[in-house]
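Participant: Chain by chain, the residues:
There are 2 protein chains.
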Amino acid sequence: MNFNLKKSIEILERTPSVLETLLGGLSPEWTTQNEGENTWSPYDVIGHLIHGENTDWIPRTKIILEQGEDMAFVPYDRFAQFENSKGKSLQQLLSEFKKLRGFNIKALKKMNIRDEELELTGIHPEFREVTLGQLLSAWVVHDLGHIVQVSRVMAKLYKEESGPWVKYLKVLH
Amino acid sequence: MNFNLKKSIEILERTPSVLETLLGGLSPEWTTQNEGENTWSPYDVIGHLIHGENTDWIPRTKIILEQGEDMAFVPYDRFAQFENSKGKSLQQLLSEFKKLRGFNIKALKKMNIRDEELELTGIHPEFREVTLGQLLSAWVVHDLGHIVQVSRVMAKLYKEESGPWVKYLKVLH
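Residue numbers (the working numbering), protein chains in the order written: chain A, 1 to 173; chain B, 1 to 173.
I should point out that these hints are in silico values taken from the structure, not numbers from a laboratory.
Some hints could be false.
What the hints assert, rightly or not - In the DSBU-like style, the derived pairs of lysine-lysine whose C-alpha atoms are separated by at most 30 Å in a straight line are: (1) A/Lys86 x A/Lys156; (2) A/Lys156 x A/Lys167; (3) A/Lys167 x B/Lys62; (4) B/Lys98 x B/Lys88; (5) A/Lys159 x B/Lys110; (6) A/Lys156 x B/Lys99; (7) A/Lys170 x B/Lys7; (8) A/Lys99 x A/Lys86; (9) A/Lys6 x A/Lys109; (10) B/Lys159 x A/Lys7; (11) B/Lys106 x A/Lys170; (12) A/Lys110 x A/Lys99; (13) A/Lys156 x B/Lys156; (14) A/Lys106 x A/Lys86; (15) A/Lys159 x B/Lys99; (16) A/Lys170 x B/Lys62.
Please work from the sequences and hints to get the whole structure.
Facilitator: In structure tokens:
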């Protein structure tokens with residue numbers, strides 16, 4: 001599938017509602033457990049998504065579109081949520097993510113990105129030159145990947161309980 | 001996490017809304033592609049879930065609870081959706097799934113299953129003796145596994161488009 005801005009926004013703008021429907025009001029036993037050391041719970045993931053709204057996707061889009069003197073992206077802190085989420089409930093995080101994503105989708109639409117601008121580049125701290133199209137594609141995949149992750153983390157909590165069915169429940173492998 | 005009926009219902013009763021929020025109104029390009037030969041598109045998955053509502057989870061629960069002479073489950077047809085979904089739109093399938101799941105959750109609640117009944121058994125065509133607790137756990141994992149699947153299938157459509165980010169987008173591996 002070729003990158004298409006309109007179709008990308010279809011996914012990006014529904015992610016907060018998907019996560020709220022998937023996680024809102026669940027017993028904490030579902031949302032606070034992870035897959036073991038150095039892995040994230042659904043609660044951690046929402047904090048991570050919030051950090052991305054504040055520091056990653058739209059700020060980097062702006063750097064590329066402006067084509068200024070310094071097109072280097074600020075490195076992304078993959079652990080910021082452990083500090084930033086402190087004291088907040090999952091419901092607060094879900095609402096915060098929804099609000100921020102709403103602002104960012106509005107900003108993205110206002111940019112009226114033209115097809116030829118998708119080839120403009122910025123400088124990623126590790127990958128070096130990346131295009132705007134790649135950045136926006138990665139944003140969509142990143143959203144879907146975290147929906148995969150939170151669903152998988154919760155599924156694994158019933159691995160033992162499912163007995164022999166584990167064989168056909170690939171998400172548990 | 002130990003099996004808990006109330007907490008299981010928290011997941012089971014939200015699955016139709018999660019899938020509707022995730023898939024409803026998306027461009028068909030997102031929902032009709034699969035991961036290659038013998039794999040399923042999001043559209044196929046919803047048809048599969050509908051078949052499960054009609055023939056698998058609640059019918060098998062009833063067989064176990066009744067403890068009649070024949071406790072053998074009817075084998076599950078994992079390909080029924082290719083016939084049954086014909087001519088139906090994704091939106092029709094999502095609505096049908098929501099309606100059936102609603103009936104089945106109502107039926108499940110009405111059964112007032114007691115903790116000791118979770119140890120009752122039925123006969124699975126392949127696994128032989130399985131408990132009601134294992135069946136209901138597998139139902140929850142099955143739901144979450146298919147949310148994982150449809151999200152992963154859609155994410156992979158932007159694999160090429162994401163360029164170097166593929167390295168950190170584990171859902172694409």
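Participant: Next, verify each hint and record whether it holds.
Facilitator: Hints, verified against the model:
Note on A/Lys86 and A/Lys156: the hinted pairing holds, with a Cα-Cα distance of about 25 Å set against a maximum of 30 Å. In summary, the hint linking A/Lys156 to A/Lys167 is supported, as the alpha carbons are separated by about 13 Å, within the 30 Å threshold. The suggested pairing of A/Lys167 with B/Lys62 holds, with an alpha-carbon distance near 23 Å, which does not exceed 30 Å. With a C-alpha separation of about 15 Å, the suggested pairing of B/Lys98 with B/Lys88 holds against the 30 Å cut-off.
Restraint check: the Cα-Cα separation between A/Lys159 and B/Lys110 comes to about 26 Å, which is no more than 30 Å; the hinted pair holds. Straight-line distance between C-alpha atoms of A/Lys156 and B/Lys99 comes to about 27 Å, which keeps the hinted pair within the 30 Å bound. About 22 Å separates the Cα atoms of A/Lys170 and B/Lys7, which keeps this hinted pair within 30 Å; it holds. Straight-line distance between C-alpha atoms of A/Lys99 and A/Lys86 comes to about 19 Å, which keeps the hinted pair within the 30 Å bound.
For the suggested pair A/Lys6 and A/Lys109, the alpha carbons sit about 9 Å apart, so the restraint of at most 30 Å is met. Straight-line distance between C-alpha atoms of B/Lys159 and A/Lys7 comes to about 15 Å, which keeps the hinted pair within the 30 Å bound. Annotation: proposed proximity of B/Lys106 to A/Lys170 holds, straight-line Cα distance about 28 Å (limit 30 Å). Distance check on the hinted pair: A/Lys110 and A/Lys99 sit about 17 Å apart at the alpha-carbon level, within 30 Å; holds.
For the given pair, A/Lys156 sits about 22 Å from B/Lys156 by alpha-carbon distance, which is consistent with the 30 Å threshold. Between A/Lys106 and A/Lys86 the alpha-carbon distance is near 28 Å, which keeps this suggested pair within the 30 Å criterion. About 28 Å separates the Cα atoms of A/Lys159 and B/Lys99, which keeps this hinted pair within 30 Å; it holds. A hinted pair counts as satisfied when its Cα atoms are at most 30 Å apart, and A/Lys170 with B/Lys62 qualifies at roughly 26 Å.
The structure agrees with every numbered hint stated previously.
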